[in-house]
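Got two chains here, separate frames each, mind docking them using the hints?
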Amino acid sequence: MISTAAKKEIDQWIKKYPEDWKSSAVMQALKIVQKENNNFLTEELINDVASYLDMPPIAVAEVATFYENFNHKPVGKHVIRFCHTISCMLNGADDLIKYTEKKIGAKVGEVSKDGLVSIKKVECLGACRHAPMFQIDDKYYEDLTKEKIDLILEDLK
Amino acid sequence: MIEIEIDGKKIKAEQGEMLISVTDREGISVPRFCYHKKLSVAASCRMCLVDVEGAPKPQTACSTPAADGMKIHTNNEKAKASQKAVMEFLLINHPLDCPICDQGGECELQDVAMSYGSDVSSFNEGKRIINDKGIGPLIHTDMTRCIHCTRCVRFGQEVAGIMEMGGTGRGDALKIEPFLEEGITSELSGNMIDVCPVGALTSKPFRYELRSWQMNAVKNIARHDLLGSNIYSQTYKGKVKRVVAGDNDDVNETWISDRDRFSYEGINSSNRLLSPRIKVEGQWQDASWDVALDFAIRGLRGNVLKNNQPNQLGALASSNATLEEYFLLQKIMRELGSENIDFRLSEVNTKDQLNLNSNIKIAEIEKADLVLIVGSNPRLEQPMINHRIRKASNNKAKVFSINSKSFDFNYQINQNLISPSKVPNMLASILREAKVKSSNLSSLTDAQNTDETLEIANAIKNSTNPLIVIGEHYKNTKNWSSIVSLINLLAKDTDAGILNISGTGNYFGAILAEFLPGEGGLDANTMIDKQLPAYMLFDVYPSYDSHNAENFVNSLKSEKSFVISFNSFQDDLVEQYSNVILPIASFYETSGSHVNCENKIQSFAAAVKSPGESKPGWKVLKVFADLLELQGFHYTDSTQVTNEVGFQSAKSNKADKEIKIPKSNSLEVIWQSSPYIIDPVLRNAEALQNTNIGKMNIAFMNSKTAKKLKLNDKSVYLNIPVSITDDVSDSCVIIQTNQSTMKRSA
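Chains as they are written, first to last, in my numbering: chain A, 1 to 157; chain B, 1 to 746.
Bound conformation, chain B alone (with noise of 0.2 Å):
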């Protein structure tokens, strides 16, 4: 600790510490532009200049370290005409369009030129005009008002891992631009609006709708990955209009993925259940909350709980659904006395899956030494987990995949392409070639080593801090159980961190809550197949939460079913077998919760009125709990009900003793759904859907098994189009796609 003194104050200082961040701690305000205190210093604005006592000109707090005695004055004179000058240079060319432009009040340039500029300027010549490129749905461009702080230039090189934006020229000709036609890719591009201190990025579907003061910022959890990242949702007029970033350094740092960023728009769409509907004789029609509550409980009572068999009852939830939801439904479930509960809907076997958990806390990824990922493209599926292996890779982490197709990683990898079958025999192999410590299985004494499983072994045996992260691509082909069993004892035996990112949403919300089948309960297969007399579904959209959406809609369908479905959204195949609809709120219209991998509890308030006669979820089971007269559902308040959850602890399975290890190789088939149509929310969000990751829809096979299956690049298979590449795994097809499971068996 050194002592430095700024504007006559003493104050205690890191060695070397730029002084910007000084300031910025004792609320110490300079100005500027391209200094953020995530990305590296550039230095190239000038705006943060001080004086420092014993230099013959000002200095840049953001490039000056701090020294011991060091004496600053950031705003005597010789600072403040400084200042001022350079605030004269950076309007030259910048068009003071202000009431046009979308930044207007929330704008770094705007309020730095209020407090430090001049109201006249020097300069009369013309000033410069650049054509914009466009760079896609999301972010719209005003190239003219860049003032060249490069902060989106270095946060797509720093943070976003791929380099898009960049200044070309040079001099007054420079332009701050993409290379590529396309524009941007990066599934964290959003960022750039937040970091852009000007109106030359700004949100696209935001555009010309609203000024920042009209709005209230509502503190939010985005809840479309398994992190939970810190938002903001601004509203106006019972609308969310537009979702920023929030600071959480435990979680979202200060970035979120465009996926929590653009995703409202999906909640203003057209398509939203606004009224309770009830099926008479065949017809839908709308009723009143009473009528569509009386009609479902003498649903219930007729199907299920006259005849006394509460057992025939059903309740299943997509992965959506807030903590507190789960937790209503299923104690509801149970004090009826049924245990055939489940939210797996999308899983083909939901044997073993519980058995993975993760034991490492997000902010503790990037300290990994050896990070190896199996069987996920976190990019796309958790782009925030994503950063943080990134950022563990930057710091000299080591990182392996194990995938069926490598994937555009953006940090050093070295990625093993493998076939879905061989998967175990390799986890086995390394396991076997890496443990520390001692596990007897005897399978394990068949696995072939290859070169790339001993190098991954004495990786992990060298690291100090491995981790083991584990997605979703292989939970729906026969050796999950297999995979999963050899991950935890991988884990055990090397004492590597275990980081579970194989679900969606509030997926372990749902587990915390014990949305599962207990004792003698029917899992979410058995009890579509099962057709019971009574089913509750939450949340549930078939077409995209379930894995075989055909097989679920034709068993609900039938005549003995008496289905109740609480949804948000407009569904055709919903009304083909629910009995009755009951309207509930979406993102940011209810209060609730989520729970992140690493079973972190944030909670979040409504922003928003749920629109027309829908109902945040947790009042509706909770006056749904009433009516069947059940008892301890005297909640007013959602954070009743989640204080209640906590004093529940987890149950946790134990793992399988026996492993399999398959010999055969055969073909299977991964099915990768759009990260932009995990849930109903954002299957509306039209800027989102028109990205090229929101329309991805193509087969990738090698030329082998092309040739197996008597397939070209242009034919289509299973209704996907096949693309040809020899990325892709013998004996496997991996299909990313935006399209519904409806057609999905083969």
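Okay, chain A solo, but in the shape it has when bound (with noise of 0.2 Å):
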């Protein structure tokens, strides 16, 4: 079920195009109905959304499934993107992962214990020159090195 809020949010963005194109808030769409359900989607709410844009659902599960923005299982409270495209890779991406996820205790794609933090490898985020790098949320983390990492993990607490 899309909340009401939400569909007042939605509708904000249906607005921003014709008429015969209500489709085209798809992105936006799912962004909003995933923040409103513990940041992760299911086939209910692709469901759902098809239906408030009178699209096929396979076609919203296609956009929902391509970008990685969108999450199908549920995640921690925050969420690690880690970069491992190739300047990220070449600094060393590939070693602080899996240090990030020993220090988390949970492999790319799961959410730790205590339901705080998962970690989830992505393509190129577009920050090379600082490479090593990732994302909690909203914010860019750069320059990574394994220090660096422990305190922006002690912060998150």
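One thing to keep in mind: the hints can contain errors.
[Claimed, not checked] Derived DSSO-like pairs (lysine-lysine); straight-line CA-CA distance at most 30 Å: (1) LYS22/A to LYS80/B; (2) LYS78/B to LYS22/A; (3) LYS175/B to LYS31/A; (4) LYS38/B to LYS80/B; (5) LYS121/A to LYS133/B; (6) LYS120/A to LYS133/B; (7) LYS367/B to LYS22/A; (8) LYS396/B to LYS16/A.
No wet-lab data here; the hints were simulated from the structure.
See below:
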């Protein structure tokens, strides 16, 4: 079920597009309902968005599975999105990912036991100059080292 | 017209035409997977790369428009090298399991890999594997074999009109799959098998049966609907093993409905009638043709001919016989001197049925700029005609419907819900407001306008090419004759086309062959009620063909009636009332003709021999006529019969002058047979019966009606489970069912 508040917000986005192009609001709609549902999407929510925007459910699923910003299973309160594309990889991202996994006690794709963080490998986030980097929620953390990661994770608690 | 050069040859082309359609027309082979002439261009497989002089890199022929003076090479070094490279990429994740793949031998990937590919791959890593979801009883999936051409996805979006397959995930995790667990529900889904260039989507009933090269393909006509889709029946050792679509832009383009594709299973069922049978002292026994025919003729002579009462003989047929069969049976009857001939067993009131003549070609439907659908859910009833209406809608035509339930249309439509008894009023109001010419009908002045009727009337007035499509829903309601007259007037007064899709099978073949009561003849219902001393029943299965099977059987069961049945399948009810049953060939087993809703006669040859002792119906009727010593039955070939039909001109009845517009609002029950039970072949086709459409059995009504009838969501109405939904009009129950007509009377 999409909440009334969410519907209101989605309607704002629908208004930005021509009348017959409701489906243009699909990404924003998914973002909004995902936020309301502890940051992950369910089959039901995809169906709801589809019927709200008059789209075939599979077309919404295509978008929802294409972008990794959309989660399809429960995630932690904070999501670490670790870049592992070429610049970060050359600068030791793989090692740091392993380090972070150990530190939070959860592997890529999993949620830590306390439900605080989950970790995800993503493609280039466009911050190559400061590789290696990751993003937690809406914030970028750059030039990462093991020590820096310790501090950042400490701050999350 | 412009001139381009392909492989050194000067070729004329349209400005902006895609290169691949030029090469296809000229017979120059360019490999492709994602391109399909009837679908949009995706340019995703990259297989059709050709070298265009002046362009730094090879271009995809499917998405490069022709321009004047263009020089194209389809097989120089550059083109060949890129095609080979693309082929290697496509094979990275494709399992080379051709020996166990159903597509082997008719696989585009296999063919193209042989001609354009390399024998070694530089890819040594593991291939991706996909777990199949399963998408229903008709299509088998092996998505590991998928090469992501997206033809099935585009087919769903562009032709079937419901997007059911889609590409989820991205990069190497991209999967083509349906979102819903229940799988694919489209009534045209089987075409995905045809468009799939690899073995990812294959026919489930045909799985592991045969290789394509082992079978003979015979051109044929599908006989289930009013379109007569062109098909190929593929046969092996006297059995139809598979049906695929044929091309005919005037009829079915290159698509066929699932009904036409998977029905062949029915003729191979164990339920077939294999030998003539006669009833002696209440006991059925097999007999030879000689004995059975002699038995039948003696019965006829004894009961009616001896007393010189040929008008005591009645002939009835279903809507599923061939044109030739209808023609021969009516000829026998008329030679004997009886006009009791009818095929309209499913109609409660046979008056006025014939006053509706289509005056539009199937290929012209898509040119209409306004379509008014009355009493029809064409998606289920006539799927390929619905496809044409959909094309009209895509061409910006306005589509309106007047139905008593809203249906799941796959195009933009303005649906008007109206009680069956109010339909004449609505049509009269539209007629009065929309008419361009003048019809002076006093009864029209009573008709009440509503916002809806004004909207439709205005739309008709403002259109240049309106079309009225009339379906079968109101056929058995009290006001059918008013509806027919009003539609005729509306079409006449507004210069609209009429498309009559209110029948099934070879409905128009029966009319063309004049399989109808003539002067003084009895219609189907009277013939049954009168308990005549003798009947000839051609392909009749009362439990589905008659609107009231119980009455039909009880009436014919009587001792004094001698009943000769011509059937292809065994049937308990037929055995109850018949005295002799003659086994006849079914679909694909006889030559003959089908007449479609634009009155186009399409003839077909037999693809296989009929099983056991059964014989093609037209031959049996010819011998029957000879044994009755009738003149003029010297046929050696069914086409001689077809030609004779051609010389007859179809009679058209005059429309009634008086139109009644009812004031009362009485409850009407509209029975809708599942599209997969309309003939015995379909009823025996297992895979179709297992689909959602095949299983449908619901009585729809709104809460008001339910309250009146004291029913709830868990109750049963006329033996059908009830569903209460507000998209049904007042005073109306719409029953969609796969059940027989046995217990229909309330």
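request  = Tell me, in ascending order, the numbers of any earlier hints that this structure violates.
outcome  = 1 and 2
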